[in-house]
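Trainee: Sequence:
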Amino acid sequence: MAPGDKVTRPGHVQFGDELLLGPDTPYRWRSLSGWEELPALDSGSVNRADGHGSYPGRLLAQARTVTLDDVIVRAPSGTIGAVVRALNAATALNDAEQPLVIWLDERGPLLSFARVVRRAIPVGNGYRLGTITGAALQWEASDPRRHSLIEQQATTSLPSPEPGLDWNSNPGPEGLTYPLMFGNPGSTGTLLAVNDGDAPSHPLVAIRGPVSRPSLTNLRTGEVIEYDIDLAADDELFVDTRDGTVTLNRTASRLYTATARSMPEQLFALAPGMTSLVFRSAPGSTDPRASASIRWRSAYW
Numbered sequence: 001m002a003p004g005d006k007v008t009r010p011g012h013v014q015f016g017d018e019l020l021l022g023p024d025t026p027y028r029w030r031s032l033s034g035w036e037e038l039p040a041l042d043s044g045s046v047n048r049a050d051g052h053g054s055y056p057g058r059l060l061a062q063a064r065t066v067t068l069d070d071v072i073v074r075a076p077s078g079t080i081g082a083v084v085r086a087l088n089a090a091t092a093l094n095d096a097e098q099p100l101v102i103w104l105d106e107r108g109p110l111l112s113f114a115r116v117v118r119r120a121i122p123v124g125n126g127y128r129l130g131t132i133t134g135a136a137l138q139w140e141a142s143d144p145r146r147h148s149l150i151e152q153q154a155t156t157s158l159p160s161p162e163p164g165l166d167w168n169s170n171p172g173p174e175g176l177t178y179p180l181m182f183g184n185p186g187s188t189g190t191l192l193a194v195n196d197g198d199a200p201s202h203p204l205v206a207i208r209g210p211v212s213r214p215s216l217t218n219l220r221t222g223e224v225i226e227y228d229i230d231l232a233a234d235d236e237l238f239v240d241t242r243d244g245t246v247t248l249n250r251t252a253s254r255l256y257t258a259t260a261r262s263m264p265e266q267l268f269a270l271a272p273g274m275t276s277l278v279f280r281s282a283p284g285s286t287d288p289r290a291s292a293s294i295r296w297r298s299a300y301w
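In my numbering, the protein residues as written are 1 to 301.
Be aware that one or more of the hints could be misleading.
Quick list of the computed label-pair ranges, beta carbon to beta carbon [stated by the list, open to error]: (1) L255 / G81: 47 to 55 Å; (2) T133 / W301: 28 to 36 Å; (3) S45 / R9: 41 to 49 Å; (4) M1 / A154: 18 to 26 Å; (5) T133 / A96: 29 to 37 Å; (6) T133 / S43: 37 to 45 Å; (7) A136 / N249: 40 to 48 Å.
Hints are computed from structural coordinates only; laboratory data are not their basis.
Built from N, CA and C at the ideal position, the CB exists for glycine as well.
Hey, can you work out the whole structure from these sequences and the hints?
Mentor: Written out as structure tokens, the structure reads:
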């Protein structure tokens, strides 16, 4: 199931595949914190030893904590137990992160991956009558960025020239027959990625053979990821730039094949705006079946 497939209007919050909170559900909420705020930051600034202030350092975002407060649970008195059980099951202790989708306003829904770290369901006088007030849910997202629901994808092959006009196959009174056939266009080996957000987005990269020493270069920054490896026609080298992993056919690590000019994978990100990437290989490796594809979501702070 696609993340946020149950979210249809502002005010909806979906966690995982099943739990939907907000309008037209038994679970209403009045307050949300940690979603529109910047996450907590680690500052690399260093105090000046010979003057006021500090030397600015990098700002690195910590995990994002999202809290729904003043949650109201309502159900017919004879079914309140089933409604609470469904909430408990969907927010049970789980080490794995699940999609958390929140739609606040006309900008549409945004996606994070999080896990529940707090659940409070007060039991008061209204419980047996089918009303619970003051409930709360809290999530922690290890990646503090929020992402668009739509995952974009782009694919290219190694660069190849255009075949041009075949003069021998276009006979006619003047040696030409219209319309002229110029053949299939060549490949530039270029990928275009657009990040509509305001935070860097880490793409997933899949390189398929046959190809030797494949590389992907960010033309905007000059940054490169390159691997000294020979891929057969049925091989795939998969690079997760957020986790910093490189695997052959999604199983065996090939991180050690990174060349000396290859940057750390976790630094290879798509800045907000438009980014052009070029796919290249070792000299003589020109098989048209080789390809590179990237998948990414626009990212927001």
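Trainee: Which hints from the list above does the structure break, by number from lowest to highest?
Mentor: none
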